[in-house]
Amino acid sequence: ETGVTQTPRHLVMGMTNKKSLKCEQHLGHNAMYWYKQSAKKPLELMFVYSLEERVENNSVPSRFSPECPNSSHLFLHLHTLQPEDSALYLCASSQGGGSVYEQYFGPGTRLTVT
Amino acid sequence: AQSVTQLGSHVSVSEGALVLLRCNYSSSVPPYLFWYVQYPNQGLQLLLKYTSAATLVKGINGFEAEFKKSETSFHLTKPSAHMSDAAEYFCALSRFGNEKLTFGTGTRLTIIP
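First to last, the protein sequences are chains D and S.
For the first sequence, the numbering used here begins at 81 and goes up steadily by one.
For the second sequence, the numbering used here begins at -2 and goes up steadily by one.
Here chain D stands alone, though its shape is the one from the complex (with noise of 0.2 Å):
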């Protein structure tokens, strides 16, 4: 597999249960990115991982815990959503270090709480 993979493409799950996304990059980079694009919204950056470590947190509710066990893999762990958190969720990766950091975009999952 090459670039950015995200699995799975598409996820039903109820308030109460508890899910999780994964999101693999085959890229070699170091930064990776979640992220959630609601309709008629700009993309919201959730949360920035780089060389394994959070840098970035933007108030995102605590109901959304990220894991970033080693750089070539981010997870968005989901318990007790709720409807206004159906969205497609992005994930990304980079390669830090220098002056710009190009994001490579995976598919998305498609989430929808119901």
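What the hints contain is simulated information worked out from the structure, not anything from laboratory work.
Misleading hints may appear alongside valid ones.
Among the chain S residues that face chain D by a calculated CB cut under 7 Å, a handful are [to be verified]:
#1 25
#2 29
#3 37
#4 39
#5 41
#6 48
#7 96
#8 100
Here are the simulated distance ranges between beta carbons [stated by the list, open to error]:
#9 D/159 x S/65: 44 to 50 Å
#10 D/157 x S/49: 24 to 30 Å
#11 S/68 x D/118: 29 to 35 Å
#12 D/83 x S/80: 24 to 30 Å
#13 S/15 x D/194: 30 to 36 Å
#14 S/49 x D/136: 19 to 25 Å
#15 S/12 x D/157: 43 to 49 Å
We put the CB at the ideal spot given by N, CA and C, even for glycine.
On the provided structure of chain D, position chain S as indicated by the hints.
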């Protein structure tokens, strides 16, 4: 603070016509600018980027963009639209050595046969 404004949430052009998608930015430091494209049910794909070298940047699929500091603009153009260009386009901005991208709200491009 920095921001990106995309004028027109929806743009329709005829097949073969000029495509012009507008992006204006605000940044207190010299910006790096990007255009991404998103096809239905897919993630974002980088079209082109400006990183303070040439002001006219050529990207994939025949697209190009020109950085105009005096106008704080980075508009995306393509001389002749193709049906396969129908997608949503996002302009984004970052700063030197910073991981964060600030995105515009996107422009949905429709191609009329």
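Consistency of the hints with the structure:
1. 25: Violated: closest Cβ of chain D sits about 17 Å from residue 25 of chain S, beyond 7 Å.
2. 29: Interface hint status for residue 29 of chain S: holds (5 Å vs cutoff 7 Å).
3. 37: Where the cut-off is 7 Å and the nearest Cβ of chain D is about 11 Å from residue 37 of chain S, the hint is violated.
4. 39: holds, 5 Å
5. 41: holds, 4 Å
6. 48: holds, 5 Å
7. 96: holds, 5 Å
8. 100: holds, 4 Å
9. D/159 x S/65: 44 to 50 Å: holds, 47 Å
10. D/157 x S/49: 24 to 30 Å: violated, 39 Å
11. S/68 x D/118: 29 to 35 Å: Given range 29 to 35 Å: holds, Cβ gap about 30 Å.
12. D/83 x S/80: 24 to 30 Å: This hint holds: roughly 25 Å between Cβ atoms.
13. S/15 x D/194: 30 to 36 Å: Once the Cβ atoms are compared, 44 Å apart, the range 30 to 36 Å for residue 194 of chain D and residue 15 of chain S is violated.
14. S/49 x D/136: 19 to 25 Å: Holds - the Cβ-Cβ distance for residue 49 of chain S and residue 136 of chain D, about 24 Å, lies within 19 to 25 Å.
15. S/12 x D/157: 43 to 49 Å: holds, 45 Å
In summary, the structure is inconsistent with hints 1, 3, 10 and 13 from the numbered list given earlier, while agreeing with the others.
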